[in-house]
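The residues making up each chain are set out below.
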Amino acid sequence: MTNWSRLAGLRRWETLLVVLLIALLAWGTARSSFFLDGSNFTIASSAFMERALMALPMTLIIIAGEIDLSVASILGLASAVLGITYAAGVPLWLGVVLALATGIACGLLNGILVTRFALPSLVVTLGTLALFRGLAYVILGGPQGQVAISSYPAEFTRFGFSTIPGTVIPWSFILFTLLLVIFFVLLHKSWGGRQIYSVGLNQDAARFAAVRVARLKLSLFVLSGFIAALAGILYTARISSSRADNALGFELDVIAAVLLGGVSIFGGRGTIIGVLLSLAVVATLRNVLAITNVGPDIQNFAVGGLLILSVLGPNLVRRVLERRPSLVPTSN
Amino acid sequence: MHQDQAQPAVELTGITKQFGAVQALRGVQLVLYPGEVTALVGENGAGKSTLVKMLAGIHQPDQGTIRINGEQVVLDGPLAARARGIAVIHQHPTLFPDLDVAENIYMGRQPRDRFGRIDWRAMYADVTRLLATLGEEINVRAPVRALAVADQQLVEIAKALSLDARVLIMDEPTASLSAREVDRLFAIVRRLRDQGVAILFVSHRLDEVYALCDKITVFRDGAYVLTAPTSELSTEETIRAMVGRRLESLFPKEDAEIGDVLLRVRGLTRAGVFRDVGFDLRRGEILGMFGLVGAGRTEIARVLFGVDRADSGTIELDGRPVQLSSPASALRHGIGYVPEDRHAQGLVLEHAIAANITLPILPRLARWGLLNRGREQAVAGDYATQLQVRASGLDQIAAALSGGNQQKVVLSKWLATNPKVLILDEPTRGIDIGTKAEVHRIISHLATEGMGILLISSELPEVLAMADRVIVLHEGTVTGEFSRDAANQETVMFAATGQDEMLVTTNGRL
Chain A
1367 MTNWSRLAGL
1377 RRWETLLVVL
1387 LIALLAWGTA
1397 RSSFFLDGSN
1407 FTIASSAFME
1417 RALMALPMTL
1427 IIIAGEIDLS
1437 VASILGLASA
1447 VLGITYAAGV
1457 PLWLGVVLAL
1467 ATGIACGLLN
1477 GILVTRFALP
1487 SLVVTLGTLA
1497 LFRGLAYVIL
1507 GGPQGQVAIS
1517 SYPAEFTRFG
1527 FSTIPGTVIP
1537 WSFILFTLLL
1547 VIFFVLLHKS
1557 WGGRQIYSVG
1567 LNQDAARFAA
1577 VRVARLKLSL
1587 FVLSGFIAAL
1597 AGILYTARIS
1607 SSRADNALGF
1617 ELDVIAAVLL
1627 GGVSIFGGRG
1637 TIIGVLLSLA
1647 VVATLRNVLA
1657 ITNVGPDIQN
1667 FAVGGLLILS
1677 VLGPNLVRRV
1687 LERRPSLVPT
1697 SN
Chain B
615 MHQDQAQPAV
625 ELTGITKQFG
635 AVQALRGVQL
645 VLYPGEVTAL
655 VGENGAGKST
665 LVKMLAGIHQ
675 PDQGTIRING
685 EQVVLDGPLA
695 ARARGIAVIH
705 QHPTLFPDLD
715 VAENIYMGRQ
725 PRDRFGRIDW
735 RAMYADVTRL
745 LATLGEEINV
755 RAPVRALAVA
765 DQQLVEIAKA
775 LSLDARVLIM
785 DEPTASLSAR
795 EVDRLFAIVR
805 RLRDQGVAIL
815 FVSHRLDEVY
825 ALCDKITVFR
835 DGAYVLTAPT
845 SELSTEETIR
855 AMVGRRLESL
865 FPKEDAEIGD
875 VLLRVRGLTR
885 AGVFRDVGFD
895 LRRGEILGMF
905 GLVGAGRTEI
915 ARVLFGVDRA
925 DSGTIELDGR
935 PVQLSSPASA
945 LRHGIGYVPE
955 DRHAQGLVLE
965 HAIAANITLP
975 ILPRLARWGL
985 LNRGREQAVA
995 GDYATQLQVR
1005 ASGLDQIAAA
1015 LSGGNQQKVV
1025 LSKWLATNPK
1035 VLILDEPTRG
1045 IDIGTKAEVH
1055 RIISHLATEG
1065 MGILLISSEL
1075 PEVLAMADRV
1085 IVLHEGTVTG
1095 EFSRDAANQE
1105 TVMFAATGQD
1115 EMLVTTNGRL
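Taken in sequence, the protein lines are chains A and B. Just so we're on the same page, our numbering is the position in the first sequence counted from 1, plus 1366. Just so we're on the same page, our numbering is the position in the second sequence counted from 1, plus 614.
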């Protein structure tokens, strides 16, 4: 396949996402008059912002051929650390720093287990998914960690859900946009991004071309942990509460959005733009279902289905193309 | 053993096969008679393996016909080939390592008792009898993993016989055998020949071909050249048919000024792989490193490139001891490595030519971490032009290139790092003859610019023609070091096989 036809294939996938997004918007508009309301945008986008943030480093990790299942647990642990330190009288800013440091430490642990001990990240982060979440329960104490710390000052919680004055855009959206640009440049314009792709496509060849594969992967897990902790602070502010089960199961949406965005689960392929589009798709789907009174369980059913389809889709397309080569654009 | 009146066991005519851009076979022919051993010789890239895989039912010809005992057949899978009485012994035995000898031989068709259970007693008795007909004693209950490669080959042969194979294809069967094991194998092959089996012996070791085979068929660059009885074809004629031109003109070696010691290796040991390896590499020098399979050449290269660690020993560059902890640190010290396996280690096949060439030096092409695409294209273009990489453009992906051009991309990649020492591991394996000569010219030219080159190759003529000095390895130790004048087929082979096991016969001169 030439670059040109690969690019065309990519555009076709992104076009598909745009079509899907438009269809969801049309469906939502038809189902509820409230859907197009500005406040719905504020609620829906801020409710999805933590997952959107975590999808950015996840994109890089999956393109590099690894995965981080522990992001939602890191979010929960960071939120717990913030809560327990605040409750103990530590200044809020210091609590935030400690929560971020917790995220970095979690990422470091994931990264070291994957690179130094050469363990599969699927298993490592499945383990730390349980480990970090369990730690959050231990920290917050009480029976089954039912203690919730929710005495946060108003200036802090306001950041979680208030909007830029005169608009419907939540402040967290600005944070996401900023990080989106940074991750776009990192993946598509920097030499580190090129190394990420090469490691995902052929780790051995990358290593034999003097790419520091272990260091690169370690950095990505640390980055993922840091962003997850950042999302944890945002989440805590938004719901004004530190609970051990904060953001339970968010990794499903994060990974579904990344894969639906055209990132290959086998590594080496995918773009930030594709992931941005699919984040919009998943967020809209959840929102449409929610305002038509479909509960979170059925929503999970839909997102899970979307996840399977996003992995199955390209596979089926390739099979059809193999059987009918006339559909493949010719090179040159 | 001439049986010209007899019907051929196998007859291939007009066989053509193309893989992507590479024409592997161009209308070749091959005839095998019962009771005859036919050699198929040719350089790397001549199309031998493709033909073997066709007879094994793994590849199907694009054009041409295959006749078995006069009947035209389609070998559309390994089972079809087996059903036609064709057995293939591959270079590396393809057995189930954890199953025992008898299970491997009877895989999928174990004798059953009347309750449908496997009749182990009958199976072990059968296999013991079978191996006895080969004149060999092997513990039939031993897992194959525990056997030497030579014994694993015998198991493969026994399996072929138990399937009543009438055509035996042997693809480089002696590549990892000792001289004594080769003798034993030859005795068995001769016995099978006398029993009327048609045998194809694929090899690039002419001494063995002359010792064993009745006829020789030569391929070159995917085309058929000739077939003649061994007795009517001199070694020189065979070589000329293989290379298609005079030997001298194949490997142009420029004279380079040899300077100070660049790389000094002393007492380098990696447990179980190689021990006490020492040598010097000088500026402007091409140091050949030769050894048979398992001699430890690639393993030494991996340590010199920082992929693996040595257990003991020292490496000095420009007189200073260095610690090579990773390829990245080797790169920093000015060491480049063109690996043996282009596809697995040399290239990111899905990446463009330019991206492959610049992968090790990306940080140098960036400012504030951002890649300067213009500079990237310029650097990649420089080296691609210098090495005459033939492609539609720098953004063509590496997978679409021929083997020779892929290798030029790998070379470009390392030249762009401006190395002091370049390690080349089988740099011309699997590339066409024209490009091969180009690669040799490039290597030779790099030496004249003062680079120190460690040339690892299992092609003795290549080593002899290119190297200023040759060191020879046998089972992980240096068993010989020769100047260009002292190195020849006999001296090097003698060292490569371990002093007491002289494998080379006088008529096997290359």
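Hints are computed from structural coordinates only; laboratory data are not their basis. Remember, it's a predicted structure, so these values are computed and weren't measured experimentally. For every residue, glycine included, the Cβ atom is placed at its ideal position computed from N, Cα and C. Don't take every hint at face value.
[Stated by the list, open to error] So these bits of chain B aren't anywhere near chain A, every CB distance computed over 10 Å:
(1) 696
(2) 748
(3) 974
[Stated by the list, open to error] Distance ranges between label pairs, derived from CB positions:
(4) 999/B - 1402/A: 25 to 35 Å
(5) 996/B - 1614/A: 35 to 45 Å
(6) 1002/B - 1555/A: 51 to 61 Å
Practice problem: State the violated hints by number, sorted upward, taking the hints as numbered earlier in the document. | Solution: Hints 3, 4, 5 and 6 contradicted; others consistent.
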